[in-house]
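For the protein sequence lines, the chains are A and B, in the order given.
Going by the working numbering, the first sequence opens with residue 1, and the numbers climb by one from there.
Going by the working numbering, the second sequence opens with residue 178, and the numbers climb by one from there.
The hints are simulated quantities; they were obtained by calculation from the structure and are not laboratory data.
Because the structure is a prediction, the values reported are computed rather than measured.
All residues carry an ideal CB built from backbone N, CA and C; glycine is no exception.
A hint or two may mislead.
Computed, partial: chain B to chain A, Cβ under 8 Å [claimed, not checked]:
#, residue
1, Asp200
2, Arg204
3, Ala313
4, Pro325
5, Thr328
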Amino acid sequence: MAENENSFMLCEECQVNEACYTISVMMGGQVTQRHLCADCMAKMNMSIATGNVKHLLSAILTAITGAEAPAADEPREDVICERCQTTLSQFTKSGRLGCPACYKAFQEQLTPMLQQIHGRVQHAGRKPLNTEAAQRQRFRHEELMRQMEQAVAVEDFETAAMLRDQLRALAEKEGED
Amino acid sequence: MRHGIVLSSRVRLARNYEDIPFDAAQRPEYAAMCVNRTTTALKSAKLGEGFDLLRLREMSEVSRTAMAESRLISRDLLRTPDTAAVLIRVDDALTIMMNEDDHLRIQAIRPELDLTGAAQACFQVDDALSRQAVFAFDEQLGYLTACPTNTGTGMRASLLMHLPMLTRGKQMGDVGQLVAKVGLNIRGVYGEGSEALGNIYQISNQVTLGRTEQELISAVTAVGVQLCDMETALRDKAMKDGRVALEDVVFRAWGTLLHARLMPLNEFYQHWSNIRLGAALGLLKLPLTLADALLDQVQDAHLRVYADEPLEGVQLDECRATRIRELIRLGGE
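Work out the full structure, taking the sequences as your base and the hints as a guide.
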């Protein structure tokens, strides 16, 4: 965020005041800029301060996705998380991801955002203490998922349904525990 | 002197289960899974003792709001009362909120300046749970959370501070800049927008990714200590140069709180700030713990629980005035 050197530019947020701040977002080697007035910048800072980041995230994401928005008559393909079916535009709107897999699915858009928010994108700190038991359970879940996907791929829906029931039972057992 | 300025230290960790969508709070089947899994894991880790499981839907609205007023649970948890639950160990204000923005919010509060103590309490729960269950974690990005602002450590360390002299000296603007420079955030705890009723502020880490928990705690503690020193210098100066004027402010507030028959909450904060300053400076024989307890006890939901009636408007103000006198009487002079 640097002082804008341009002579005069309207704030892109309110379209009323003079923009005196520029937010730069790096994505895929390209820089997208957003120009804001002091009031809107303050609102954005306030959004961070109060933990209400939806507004901020929307604004940043609009800058990112808006920059590559195609012409209106050209249908635009949304990025989708295969695991939970959350789309990039849903995330852009809500500021919330759908599941852990969204981090991979939207990696291209998320990395510059995380860089913007935190200044760094390499975790330092604690790690979970996964036990073998926990890992075994995860592997079992993943194995069942993999088998089910394979069955669907070869159109063996009977096996797929059976595996789906096993997955459900696994989840239910956990729910009852 | 620091204990006269830092009311409490709080650490909270955001955690999510790897195989459950983040929005479990909106989906009863997943929400139940989060609650059961957490409760079971805590028991298996032999850490379950002393924890009570409270489901928000089984509590009255007023008693769960009172819990939020005491900061034992977050205001955000109140938004999904049908699915939200909390495991709570009242003795040391340790809570595990379930089905908030993230599956879990592990939170510990310690009196005065003790972020390390609060963090250790959280880490103990975190380790116990992560031995039993698999949290969403990535080697590069750390703990994965519903909102990218919590990604990484998932940790928010915060101090609740009473800064009346810095506020009076119009230095909070400078303080805000100082705090922002080192990647922290400061805001008023009570009141709307930029208000800081009672001159109570919360400072906390803004970033969560790329720094260790220890680094974040040290940063918040260092700034907290610096603010304590700045506030103390102003308090000392006021005691030296204008003691009578300071005493006048303190004792007027004391008199009002002891004798008023109707006490609106906004007015209370103003008097509270003055009597707490007086207590911290030894001008009033009022234990700081009692002053701090008052802050929770006179909130609307606390009063409604206490009176066991759905008080409104002026009834609340009357009950508040009565409750203040009663608590002060109970706590000695």
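A quick look at each hint next to the structure:
1. Asp200: Hint holds; Asp200 of chain B Cβ to chain A Cβ min 7 Å, cut 8 Å.
2. Arg204: 11 Å, violated
3. Ala313: 4 Å, holds
4. Pro325: 6 Å, holds
5. Thr328: 6 Å, holds
The structure fails to meet hint 2 from the earlier list, while all remaining hints are met.
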